[in-house]
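Colleague: Chain order of the listed sequences is X and S.
Position 254, counted from 1, in the first sequence is what UniProt numbering calls 254; the numbers after and before it change by one each time, with no gaps.
Position 450, counted from 1, in the second sequence is what UniProt numbering calls 450; the numbers after and before it change by one each time, with no gaps.
Treat each hint with caution, since some may be false.
[Unchecked claim] The following label-pair restraints were derived from C-beta to C-beta distances:
{"hint": "1", "chain 1": "S", "residue 1": "L319", "chain 2": "X", "residue 2": "D595", "range": "49 to 59 Å"}
{"hint": "2", "chain 1": "S", "residue 1": "E250", "chain 2": "X", "residue 2": "P616", "range": "28 to 38 Å"}
{"hint": "3", "chain 1": "X", "residue 1": "P616", "chain 2": "S", "residue 2": "E447", "range": "44 to 54 Å"}
{"hint": "4", "chain 1": "S", "residue 1": "E447", "chain 2": "X", "residue 2": "Q358", "range": "37 to 47 Å"}
{"hint": "5", "chain 1": "S", "residue 1": "T113", "chain 2": "X", "residue 2": "Q618", "range": "58 to 68 Å"}
{"hint": "6", "chain 1": "S", "residue 1": "S460", "chain 2": "X", "residue 2": "Q618", "range": "41 to 51 Å"}
{"hint": "7", "chain 1": "S", "residue 1": "G351", "chain 2": "X", "residue 2": "Q618", "range": "43 to 53 Å"}
{"hint": "8", "chain 1": "X", "residue 1": "Q618", "chain 2": "S", "residue 2": "K228", "range": "25 to 35 Å"}
{"hint": "9", "chain 1": "S", "residue 1": "G351", "chain 2": "X", "residue 2": "R580", "range": "53 to 63 Å"}
{"hint": "10", "chain 1": "S", "residue 1": "E399", "chain 2": "X", "residue 2": "R394", "range": "49 to 59 Å"}
{"hint": "11", "chain 1": "S", "residue 1": "T266", "chain 2": "X", "residue 2": "P616", "range": "41 to 51 Å"}
{"hint": "12", "chain 1": "S", "residue 1": "L319", "chain 2": "X", "residue 2": "Q618", "range": "25 to 35 Å"}
{"hint": "13", "chain 1": "X", "residue 1": "P616", "chain 2": "S", "residue 2": "N352", "range": "32 to 42 Å"}
{"hint": "14", "chain 1": "X", "residue 1": "K697", "chain 2": "S", "residue 2": "E250", "range": "14 to 24 Å"}
[Stated by the list, open to error] Among the chain S residues that face chain X by a calculated CB cut under 10 Å, a handful are:
{"hint": "15", "residue": "W7"}
{"hint": "16", "residue": "S11"}
{"hint": "17", "residue": "L14"}
{"hint": "18", "residue": "F159"}
{"hint": "19", "residue": "I173"}
{"hint": "20", "residue": "D232"}
{"hint": "21", "residue": "K313"}
{"hint": "22", "residue": "K412"}
{"hint": "23", "residue": "Q415"}
{"hint": "24", "residue": "S419"}
{"hint": "25", "residue": "D454"}
{"hint": "26", "residue": "Q457"}
[What the hints assert, rightly or not] Straight line, CA to CA, 30 Å or less: simulated DSS-like cross-link-like pairs of lysine-lysine:
{"hint": "27", "chain 1": "S", "residue 1": "K438", "chain 2": "X", "residue 2": "K696"}
{"hint": "28", "chain 1": "S", "residue 1": "K421", "chain 2": "S", "residue 2": "K438"}
{"hint": "29", "chain 1": "X", "residue 1": "K637", "chain 2": "S", "residue 2": "K313"}
{"hint": "30", "chain 1": "X", "residue 1": "K73", "chain 2": "X", "residue 2": "K110"}
{"hint": "31", "chain 1": "S", "residue 1": "K421", "chain 2": "X", "residue 2": "K637"}
{"hint": "32", "chain 1": "X", "residue 1": "K289", "chain 2": "X", "residue 2": "K318"}
{"hint": "33", "chain 1": "X", "residue 1": "K637", "chain 2": "S", "residue 2": "K321"}
{"hint": "34", "chain 1": "X", "residue 1": "K597", "chain 2": "S", "residue 2": "K249"}
{"hint": "35", "chain 1": "X", "residue 1": "K420", "chain 2": "X", "residue 2": "K266"}
{"hint": "36", "chain 1": "X", "residue 1": "K597", "chain 2": "X", "residue 2": "K537"}
{"hint": "37", "chain 1": "S", "residue 1": "K421", "chain 2": "X", "residue 2": "K696"}
{"hint": "38", "chain 1": "S", "residue 1": "K158", "chain 2": "X", "residue 2": "K645"}
What the hints contain is simulated information worked out from the structure, not anything from laboratory work.
Computed from a predicted structure; not experimentally measured.
Here a beta-carbon is modelled for each residue, glycine too, at the ideal position from N, C-alpha and C.
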Amino acid sequence: MALPKYPLELAFPPHRKESAQGSNHNLPLKPTSNTHPWNLVYNSAIEDPQTLAKWDELFAVLDSCYGMALAKKEPLEAVKTAVVELYSALLSLFPLMAGYWRLFAAVKLKMFGQKEFVDCLKCAVTACPQSVSLWVEYLQALVDDLDVQKGKVEDSSHEIEKTTTENSSKNQSAENGEPSTIDSASSNSQESVDPNKIESIRLEFQRGASVIGRNFNSETFWDSYIAFESSISDLSEHLIKVYLQLVTLPLYLYSHFYNKFLDTAKKYRIDEIITDSELLATKIAPFGKSLADELSSEESQQILDAFTYDIFTETQRKVNDCWKFESELQLHSFVPTLSSAYDAQFEVYLKYLDHEMQILETATPDEKESQVAQILNIFERALIPHCHEPQLWRKYIAFLITVGSEFEKVQSLYDAAIFKFAPIADYQLRDEYAEFLMNNAKFDLMNIDMIRSIKQYSGTLDKSIYVKSAYLHDIKTLIRLWVQHVPAASSEPLLETLINNYFDRVDRYKKDSLSKNEIQNKEEYSLKPEHSMSLQKLLNDDSISLIIVSYLQLIRVSDENVLRIRKFYNKYHQESALARSVQFWNFFVRFEGQDMKNFVNLGHIVNYLKENTALPKQSVDAFIELQHAFVCCNLTKAMSSPESKHLLSPLINTHRDTSEDLFVNSSARKRLSKNHVESRNNLTAQKGSIFSQTLKKQLGHPGVVREYSPEITNSWIERDWILLSDVDKIPPLPTFRLVDKANSPLIYHD
Amino acid sequence: MENQNDWQGVSLALLKDPHNFKLWQQFVYTVEHQNGTRLDVTSSEAQKTLLRQVYESFLRKYPYICKYWISFAGWERKLDGVDRAEAVFQQGLRFLSLDLHYWVAYLNFLVETISSNVEEVADLFERAREKIGFNYYAYEFYSLYIEFLKTYHTSENKFLDKLALLFRLTMEIPLYDYSSLYKELILFVQPQKQSLSHLTSFLGEANLKTMRKECNNNNNLILQKLNKIITDAYIVVQSQSFEIYAFEKEIPSPVSYTPERLLAATRELWHRYLSFAEYNFPFSYVAQLFDRCVYLTSDYTEFYESYVDYLIKFDKLSLAKSVLNTGCASVSSIGGTVLLLRLVDLEIYEGNVIRARDLLASFIAHNKSTPLCIYDKLLEVEALLSRNDEQHLCLLAKELIKATKSTTYFRKIAQFDISNKTLAEFFLLFISDPQELKLEESKSFWEQLQKCADNSQLESVTIPESFAKLSATT
């Protein structure tokens, strides 16, 4: 599986019950524990979760297993749990895939029954609220549920129920010839059903209308809404309200709904349609009357026609206006793979949004509200297929802030983007969020959410993945905000405690008395101890150095702290966590070299770091060169010191210490052999010697490692030059090493 | 070219294109074949003078090509006798003392023309051995040496003792023709007239005595023992020669000189060869290899630098200095300044500050343009010489900024131990008189200014917006 790009992938695949039996997650499970036929397919599906064909195959296998088990009358529990688990796994990764939600619901209906089915759909519309089809199915299920209950209550007569359903289906086809009979039938049934139930369903319909009512392709939803209302009563106040809302919306089938509205409106009185009494009065005035009751049926028809026609032309204009964009929006569902068609459509969405925002700017105050709703709807729709586009989230949030949306709304949006959809690599979004929270003076909330985000990337959660760069970035941001907003008097001891606790690991869970020395200031905040505690638990070797450097920079501001900084170095510089931290060493090299100009200390620091750390060669070289530069600029000081030879040694050794040749670069040799895998594993052996020996073996003919090279152990070449006239300097006879092994065969290491 | 053999034509062409190596070669060829025939003793004096002049100017231009020195000496020998030829050889030695081929030619010439100067020639052989004795292809030299010692030995000059010691010493050197050398060695070891006295200088008197004791004066036993040692040594040298061969076979011979740049692969090979040698051979062997390497790759600072690193590791600072001196002279490109800076550092380390300044000053005096790093170093040396005189440094920095139009000195000057007050005055000077510098673009200027100046001084200054934040964040 590729590296995670989106937050939801971090904890994927979710923890499975079956694998929990194995004690060690790193080892493959024993074959015996994998008796279920779907496990194999499951493994291949989680390898590459983007490939939906594999999931389809998996679900097909599960389905056939269920069928088999049912036929053989075997226990169904295992299959049922697996189905729920696997669907939930996929949908936790891709919650916006409405198609799989529907499949899931269908399976639930088949295996668990009606109640689970409805619950599942309810979850679905919460997780994926912009799917029209899910809403339709959900609401239909509610209505069906109601009908079933109705059947139960009215167990005395089956026939009436039947007629009711027939009639309601007739209603749906919008052809009613005998209004009176239906009226009586529905009113009959209405009496027998709990009105609270109906009211709650109506509320769900209204919720649906507010969420997806403005979706350009939401006709199926509206159809079922109308059907629902007219099944209850086809002359109710609710029904006409629905119609009045519906006809103003720019929808694909706007004229279809308009025609239906006209048919329905005929049955209502004019003051039931034009509820605004002032408007009604202006409409009636031309006829020289003051009350709607006084109008003749022709007159009221005339008013109605004019009124509805106005609505129609307005809606038609809107539809025509957005049609040039809507016609290009073909891809409404989310797919986990990238494609150029989606990219192209994304551009259309952006243009569409810009266009609608322009309209908003010139809109009259009356129109503003509906235009804002319209834009919000487009945003919501766009975020289904393009939920991984940080640009879109950012645009959405910016828009919400400009229209003065309430804090919670913006926050929930940030929440969804940061913790679910926006790419992990988009650090800026999280910084903006922190900034947004601080602008709203929500320091505690900022802490909670930043720590939550840090936790998400820290890899400490069960089976989740460590995203180092994102994790470090968030820690950096958090610490920066702390230093910025918490008074120095309390942020200093705070960071100090974090560092001490991290290395000592003793009183990690002890409550410290931070709150005592807090100085309350209007612009500054105090940090709650539980936040620093939870951060403490999330620290690792990578992040502690960030904290250390911010701490040092904080106390560096005052010159009185020089001793403190040096003590800090003495206390901690040998920690292995810091051996990899470029920042930590950078701070001290610059502190002693640039600020303090203390070359004795600088020498100690550089000597330590070039032999004992695990820094990359590039940084070590940079530090050595920095030391050289610092010494060169302060030769007077270095030369006047009693240890001048020692202090001046960077002058001749800099190139040697940065050389690639490990023979002359002895500090690098020491550093590398200290970190060499063999000397790490083999503590008893002489450190360094293994490394040098391996190195020497590799130097000869490439690819041929000679274990034994014969040599002369007392070669005269090692000593002074001998002239032929130096008869008294005749070297002793040579002695040898490994001569007998000179012809031993080469050993090839695999 | 129309007239390939026309000397005048070639020399005219050379005037137009003085760096064309091919033309230079033709230049020499045409003067050797004036009027269509090769010069000989009967040629006119004018022709001979022309020949000399051409060779001399050629060798001034390309002093490291041993072929032409040898051939020049050959001409002199042919035209004017031995003395002039030897003078040419001596002259060439200034450049080619690390060239095996040249030494062999020179020594051959000396042996061929030997008269009463046997001791002098022997001394020259020793000098050559010091320079090229570890050369992988030095067998040619050694066999000449052995022949010379054998031929000219007398009872006074003790050449036979020297020969014995020579065999003892060469026994440990890995050579391309190691087996030929060992053949001669084995012949040499054989007893002469039932006596082993010729081995005194091979084994050392004390060693021979103890061996005699151990073997009860049994010559056969001694020889057996000796043969065992020689066989072991042979195995070692063989193994080493084989390993070195992998490197040596890739190195182009210095005889086929071309002025083209080295191939990257060849340079890489040298690096591998050198680090192999560093790990496997003693100092003097490796030092000679380094010498040979910088001689063959004279235009690359990297080898000089590795050599200096190697010498510093063994604390041979004066040797390192002389290598750097040679490097500064022979590396033509900008890389030479790197070596100069290292030399200056080394002189400062040894306390020769005046010498360090002189080196920098003479570089600046002799070069049309000076890289910034040289000026940087000069500033550092001046700081040391003036005992950190703040005014002097600021003045110098101002001069340098004026001369170079570079803003890097704003950062540099702040690294010295100069009080904030003086530094602030220095910076403020540039605000009133920016000296054609683009101060608005120099981050370091505003950064340093805000660091050292206090608020009252900054009041009258308008800091560009992009740099104004620097002080706020730090």
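Colleague: Run every hint past the structure and note whether it holds.
Modeller: Here is how each hint holds up against the structure:
The given range of 49 to 59 Å is broken by L319/S and D595/X, whose C-beta atoms sit roughly 39 Å from each other. In this structure the hint that E250/S and P616/X lie 28 to 38 Å apart at CB holds, the actual value being about 32 Å. Between P616/X and E447/S the beta carbon distance is about 27 Å. The supplied range of 44 to 54 Å is therefore violated. Checked against the hint of 37 to 47 Å, the pair E447/S and Q358/X passes, with Cβ atoms roughly 44 Å apart.
Take T113/S and Q618/X: their Cβ atoms lie about 59 Å apart, and the range 58 to 68 Å holds. Judged by the Cβ atoms, the range 41 to 51 Å given for S460/S and Q618/X holds: they are separated by roughly 43 Å. Evaluation of the 43 to 53 Å hint for G351/S and Q618/X yields a failure: the beta carbon distance comes to about 33 Å. Checked against the given bound of 25 to 35 Å, the beta carbons of Q618/X and K228/S, roughly 53 Å apart, lie outside it.
For the pair G351/S and R580/X, the supplied restraint of 53 to 63 Å is violated, since their beta-carbon distance comes to about 39 Å. The beta-carbon spacing between E399/S and R394/X, approximately 53 Å, falls within the hinted interval of 49 to 59 Å. Between T266/S and P616/X the C-beta distance comes to about 30 Å, which lies outside the given range of 41 to 51 Å. Range check, L319/S to Q618/X: Cβ separation about 31 Å, and the 25 to 35 Å hint holds.
Our hint of 32 to 42 Å for P616/X and N352/S holds, since their Cβ atoms are close to 36 Å apart. At about 21 Å, the beta-carbon gap between K697/X and E250/S stays in the expected band of 14 to 24 Å. With a cut of 10 Å, the hint placing W7/S at the interface with chain X is violated, because the nearest CB-to-CB distance is about 47 Å. Given the 10 Å rule on beta carbons, the hint for S11/S is violated: about 45 Å separates it from the nearest Cβ of chain X.
Interface restraint check for L14/S: the shortest CB-CB distance to chain X comes to about 40 Å, outside 10 Å, so the restraint is violated. Hint on F159/S holds. Least Cβ distance to chain X is approximately 9 Å, under the 10 Å limit. Because the beta carbon of I173/S sits about 8 Å from the nearest beta carbon in chain X, less than 10 Å, this interface hint is met. The interface hint given for D232/S is met, as the beta carbon of that residue sits about 5 Å from the closest beta carbon of chain X, less than 10 Å.
For K313/S, the shortest C-beta to C-beta distance to chain X is roughly 5 Å, which falls under 10 Å, so the interface hint holds. Taken as an interface hint, K412/S checks out: its beta carbon lies about 7 Å from the nearest beta carbon of chain X, inside 10 Å. A hinted interface residue such as Q415/S counts as satisfied when its beta carbon comes closer than 10 Å to some beta carbon of chain X; here the least separation is about 4 Å, so the hint holds. Annotation: S419/S was flagged as interfacial toward chain X, and the flag is violated, the nearest CB pair being 13 Å apart, outside 10 Å.
Of the supplied interface hints, the one on D454/S is violated, with its beta-carbon coming no nearer than about 16 Å to a beta-carbon of chain X, more than 10 Å. For Q457/S, the shortest C-beta to C-beta distance to chain X is roughly 21 Å, which exceeds 10 Å, and the interface hint is violated. A distance of roughly 54 Å separates the Cα atoms of K438/S and K696/X; the hinted pair therefore is violated under the 30 Å criterion. At most 30 Å may separate the alpha-carbon atoms for a hinted pair to count; K421/S and K438/S meet this at roughly 24 Å.
Taken as a hint, the K637/X and K313/S pair is honoured in the structure, with Cα atoms around 26 Å apart against an allowance of 30 Å. For the given pair, K73/X sits about 16 Å from K110/X by alpha-carbon distance, which is consistent with the 30 Å threshold. At most 30 Å may separate the alpha-carbon atoms for a hinted pair to count; K421/S and K637/X meet this at roughly 20 Å. For the proposed pair K289/X and K318/X, the alpha carbon gap of about 34 Å is over 30 Å, so the pair is violated.
Distance check on the hinted pair: K637/X and K321/S sit about 25 Å apart at the alpha-carbon level, within 30 Å; holds. The hinted pair formed by K597/X and K249/S fails the criterion: a straight-line CA distance of about 52 Å is larger than 30 Å. With a C-alpha separation of about 49 Å, the suggested pairing of K420/X with K266/X is violated against the 30 Å cut-off. For the hint linking K597/X to K537/X, the alpha-carbon distance of about 38 Å lies beyond 30 Å, and the restraint is violated.
Proposed proximity of K421/S and K696/X is contradicted: the alpha carbons are some 56 Å apart, above 30 Å. At most 30 Å may separate the alpha-carbon atoms for a hinted pair to count; K158/S and K645/X exceed this at roughly 49 Å.
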